[in-house]
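**Student:** For reference, the chains in residue letters:
There are 4 protein chains.
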Amino acid sequence: MKEKVVLAYSGGLDTTAIIPWLKENYDYEVICCCVDCGQEEELDGLEERAKLSGASKLYIEDITDEFCDDYIVPCVQAGAVYENKYLLGTSMARPGIAKKLVEIARKEGATAICHGATGKGNDQIRFELGIKALAPDLKIIAAWRQDAWTMQSREEEIEYCKAHGIDLPFSADSSYSRDRNLWHISHEGLELEDPAVEPNYDHVLVLGVTPEKAPEEGEYVTMTFEAGVPKTVNGKEMKVSDIIRELNRLGGKHGIGIIDIVENRVVGMKSRGVYETPGGTILMEAHQQLEELVLDRATMEVKKDMGNKMAQICYEGKWFTPLREAVQAFVESTQKYVTGEVKFKLYKGNIIKAGTTSPHTLYSESLASFTTGELYDHHDAEGFITLFGLPLKVRAMKMAEAEKNN
Amino acid sequence: MKEKVVLAYSGGLDTTAIIPWLKENYDYEVICCCVDCGQEEELDGLEERAKLSGASKLYIEDITDEFCDDYIVPCVQAGAVYENKYLLGTSMARPGIAKKLVEIARKEGATAICHGATGKGNDQIRFELGIKALAPDLKIIAAWRQDAWTMQSREEEIEYCKAHGIDLPFSADSSYSRDRNLWHISHEGLELEDPAVEPNYDHVLVLGVTPEKAPEEGEYVTMTFEAGVPKTVNGKEMKVSDIIRELNRLGGKHGIGIIDIVENRVVGMKSRGVYETPGGTILMEAHQQLEELVLDRATMEVKKDMGNKMAQICYEGKWFTPLREAVQAFVESTQKYVTGEVKFKLYKGNIIKAGTTSPHTLYSESLASFTTGELYDHHDAEGFITLFGLPLKVRAMKMAEAEKNN
Amino acid sequence: MKEKVVLAYSGGLDTTAIIPWLKENYDYEVICCCVDCGQEEELDGLEERAKLSGASKLYIEDITDEFCDDYIVPCVQAGAVYENKYLLGTSMARPGIAKKLVEIARKEGATAICHGATGKGNDQIRFELGIKALAPDLKIIAAWRQDAWTMQSREEEIEYCKAHGIDLPFSADSSYSRDRNLWHISHEGLELEDPAVEPNYDHVLVLGVTPEKAPEEGEYVTMTFEAGVPKTVNGKEMKVSDIIRELNRLGGKHGIGIIDIVENRVVGMKSRGVYETPGGTILMEAHQQLEELVLDRATMEVKKDMGNKMAQICYEGKWFTPLREAVQAFVESTQKYVTGEVKFKLYKGNIIKAGTTSPHTLYSESLASFTTGELYDHHDAEGFITLFGLPLKVRAMKMAEAEKNN
Amino acid sequence: MKEKVVLAYSGGLDTTAIIPWLKENYDYEVICCCVDCGQEEELDGLEERAKLSGASKLYIEDITDEFCDDYIVPCVQAGAVYENKYLLGTSMARPGIAKKLVEIARKEGATAICHGATGKGNDQIRFELGIKALAPDLKIIAAWRQDAWTMQSREEEIEYCKAHGIDLPFSADSSYSRDRNLWHISHEGLELEDPAVEPNYDHVLVLGVTPEKAPEEGEYVTMTFEAGVPKTVNGKEMKVSDIIRELNRLGGKHGIGIIDIVENRVVGMKSRGVYETPGGTILMEAHQQLEELVLDRATMEVKKDMGNKMAQICYEGKWFTPLREAVQAFVESTQKYVTGEVKFKLYKGNIIKAGTTSPHTLYSESLASFTTGELYDHHDAEGFITLFGLPLKVRAMKMAEAEKNN
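Chains as they are written, first to last, in full-length UniProt numbering: chain A, 1 to 406; chain B, 1 to 406; chain C, 1 to 406; chain D, 1 to 406.
Read the hints as simulated data drawn from the structure, not as lab findings.
Any given hint might turn out to be false.
For identical chains, the list gives no copy identity; a pair is met inside one copy or between any two copies.
Here are the simulated lysine-lysine pairs, DSS-like style, with alpha carbons at most 25 Å apart [as the list claims (entries may be wrong)]:
| hint | residue 1 | residue 2 |
| --- | --- | --- |
| 1 | Lys343 | Lys85 |
| 2 | Lys2 | Lys85 |
| 3 | Lys343 | Lys213 |
| 4 | Lys85 | Lys304 |
| 5 | Lys404 | Lys336 |
| 6 | Lys23 | Lys236 |
| 7 | Lys139 | Lys398 |
| 8 | Lys398 | Lys231 |
| 9 | Lys139 | Lys393 |
| 10 | Lys304 | Lys393 |
Just so it is clear, the structure is predicted and the values come from calculations on it, not from any experiment.
Okay, chain A solo, but in the shape it has when bound (with noise of 0.2 Å):
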């Protein structure tokens, strides 16, 4: 009996080339897993594909409420951001798909998981780091690292295709290079490779358009949370997958999310994209509006370094590791009190707030208005400064000191 490999397969054209590949280099039996993550990808017809090209089963794995509720939550909960800009859409994927990729590798007993992320890129990173963590001892097949994949343009692997016996319509011109799912899409390469050109968004957007094409009338919003997780739009009850589909589509609409970046892959160099994250913008921006009212300024000080550190482990593909569990135990510490209603309009590319209630607000107008009460009198401001200058004042007297000495 031939032993047996997973393969990560989109049903795309490079994923498909590797099954022949596969079965030719290392004479694998070939279980194809496509993981969806609500990339909204055609998959009828995915089993009929998979099979022809030599495969011997396919499993369409639908991960996209798991995605939402394990990864996507508590990124946002954290507010975590890569280098200002980036959503982490990509990268908040990966383990999710790993951790499936290796629950079919154990069911089906198969010694090998192979994916087709190319060697210059952060995904090659996440699929693998995630599979160590979780199944240290299956083989890992980066097909396109290997010296045995000869392929280097998509005519090459239409050519290999046909000559296993392959004959699909695939369309030989490339456009940008992609990936979608629920939380975003991003686009890189073609004028894109130049930080020097403006996108042409044009073709480039998926999801939405820009603020320029978005209506010319704002459109306002409601959403509540509960201890940190969303629950409604515009007072309906959702859960969190339906949550973001909704405001994918008010914010595609409203040229929401679009985000330009010259970003530093893991792998040591800078890359350049264009992210489309709608819904996702508004999410976060909508979270972190409720946290202004919910959050002492303390807390809210380390969890920024928090959602920082969990950007980086996110964006590292070091997932499954203690770091990220603790800093996720750090930041869900903080959502108890996360709960509320927040209310913006957007607007061509603008999220506005529009006002902020919490059961749990720490704001309180009679301490924050000018007029002094029980809590506040003025000379309690007196000696505060006294205290909180003392180092100040002690350093600048003891300069002094010392000067006059010299």
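Got chain A; can you put chains B, C and D on it based on the hints?
**Tutor:** Same frame as chain A, now just chains B, C and D:
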């Protein structure tokens, strides 16, 4: 001969009323000092007003350029933003004002400095910590925190002035509480005191318009920086203050930089305000756009922490401290190669990147693209991932082993 | 009926004098509460003394085990050390005492809590922040900060007591100012007030001896931990408080844990003290010794930051805050596998490691040694270094290029 | 004409065997370069040995003073310690050596640099990252990582040398694997490979004795610093390298600075080693003793983070990076006033403080003592605590309110 006090004087009702109050309660000779940080107020007639109110002298000191070079530029370079939103407009101005007050006090041989900041705000702290650090021997009088200060409203202040022979045309109705300088204007009070309420932007805004009222047509802007310092806007070389003026004009026109925030004050309570920082928002964004191309990943990450520190330090009024100096030294060291040109489009509240170039770019198109070359071999990724993921794999193996032994 | 006040009572002269003072100045019924954190003081006769001094009731509350489990263990796990040296002995005890005082106040229906901490120290802050966080409605009376408190010396306190009919045998001579509990004893005052002067250890030390006076013979100790909690010493299972007692005995004997420090108080000045923490020093060192084997590099690094945060929070008296809870959640998450045995030798002030084992060790002898194997191929290092060093190399090349273009 | 390679040469068996190997496998002219960082090795006869082994030239370069001034002093000032214990002795030396190798390569017009660091250690990374950063065009040959390198033991190396006509008196028996320079000596291998085993210190130690074997009598030492740089020991002015030599003598004698650690290597595994850093341990402790008196609280806290960063950067071989420069700029800025005298006693492994003075001390005896004065009024503490604790109190009140509303 009477002792002298230097009064931080704006010409408004509040600080005007302090003049007779100081004379009555302390028997000082009052030297007024109006420090101009670009607040665009009418200064004609100010001297007459001060003297009419009982001051013996009025200094009008324009520190706008110093404000730009010594406070704004370091904060822009640091990327200093308080609680994700606030660009520190008021915070950055206070130490410069304190420094000037001390300078005048020394020149005049004064023994005290008086200010009219409220007892619940941050500004009292910033003024006083500045003075303590620069002149620990000077007495500080925070007029509003004194028991002898009994006026509770504008009406009472007007009454008090009249009773002391000062009959000036101050209006009794109050609007938002505002602070303005070259960098920004802040608004507090009225409907803003309830975070549940949307700001009435038609009343609030002073420096620009909302995105809704901005032109239908976007506008491209080009800026250059040298070693982290802005040098030109649209090809025209200008000093920093003029650059900010020009960016204010552009940003105000296009609805840029309007912030609605619930923030945590140093004195321990939350407050809600609206800030307009049209030019500042553009400047910080443009600087960051350039840094993306020039800073390596590790530097960016630690610099983010340093920027947060800078924001905290500045917000808390701890400008004249060894820690601020050290943080600034860190930041300056990172700016050596932040030289280049950024292009972006302003459109209804959005700053949309439109291309970045730098002689010191770390972006390499050949490296970023999917081909391999001398610098990068796919086999390298193999080794990299093996070692990068080694701790995860060893841990997983050890855990499996430990489980087996149980 | 009179209102009641709960007084934090030690039985010493200072807190005894407060009883008549409270009755005289506030007309309260005084409930004394002596909270025992393992200070090893004579408590016999305390009730009589309190009542004789005018208190209506005395509670003696032993919270030693709670002190260990809820305050010491989390800080040990965090590795919380203030300013490189101070093991937070007093800081950790204060919130527990405040909690107990609030509990008694609630039980008695008291409306106020009174303490005798000085107006220049950290303890007033820790007591009061604890009370504010747990019972914001209770009035706090810091006796020594009141104008009505006029006694300036022990003599005056004795005089005052006598004048109020309290004739107890207090001695008028003062020694070091000390605070003791199960974890440590602190010493301030006398010759220690001059940092230029070496402490007179013969007078200072209470819990142990100097290294010079420790035995000539070292002593091996073995400890085990489970999930970060100490379980046994030299094979004997004990509760944490008994473990600390045993380690105090051992550490005191061998001259361990004597610290001489100039530290920065919260209230803005430096102070100098000597701390003895014999058992605590051993416990923290032993815990760290085990963590070395069990924690991965990334977790260790971030945990170090969290330990520093924990130390700051605890030192500042901000125990009952969301931030402390979140930091503790982080730390707890890292302790799951901190299980194992550590051996060390105590010898004249030194704790010398003598072997560590853990079922969850991440150390792999085969991996660490110089041979290569399945897990590690020298070629992997090649690829790793190429990518790990890629940003440096690209930068150097770009710089050379830029220079050439100039 | 042959291309030239510069070989990092120690004169030991390992690097001697590389000479014929390089000539055989690459057809290079081999230039040997022995960089002296104070390793106290016999350099007489080294040139003869190198030439006899086939090298065309030998450079002996003493960089000990540069090592002290450019690497050690910045790390001491930063308080850089890796994983709580390791004083970075080897890590700090590597970049200096790399720099010198590049310098010789440039001088000789060489096209490659070769080193003999193992494929599992940190040093290969430190050498290579140094070279990449300073001379990205140079080829790097890590002899031991090459397939052509087939020798697996000292015996085989000796055999190989003999076969190539090199008959030198190398002993075949191996001891600990060691690295020595002015700052420290490290020991790995033999019984140390099992963390459960106590080090055999009688065999291990080279620079000093254990505390047990140290003199019964302690010894007082006085040191002065100027702006963070050590200037004198016991009143004698010396350059830094001589200060470290003298402190090594003193520390070695008194059993100071022996560390037994399980550390995390960059390449992803844990390793166990013993380090002797007698003088370095004293120097760092003395520097910190002075900083206690001179640095304010906020600076100390952030500097601790920066010290950790410095340690990570240095350990990872990323010395020649913008981040290291920026961190060093931060640290240098804090050292301006680290001037003064420290006294301490060395006794059997202990460094016991015995008094500290500085013209820039921030310690004020009058402020620290229990009396109040001009600078500090007990009422100030009242106000300070009210505002310092305000967020906790408001939160507690709001929570109580929210509960009531439920």
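**Student:** Quick check: which numbered hints come out false for this structure?
**Tutor:** Hints 2, 6 not satisfied by this model.
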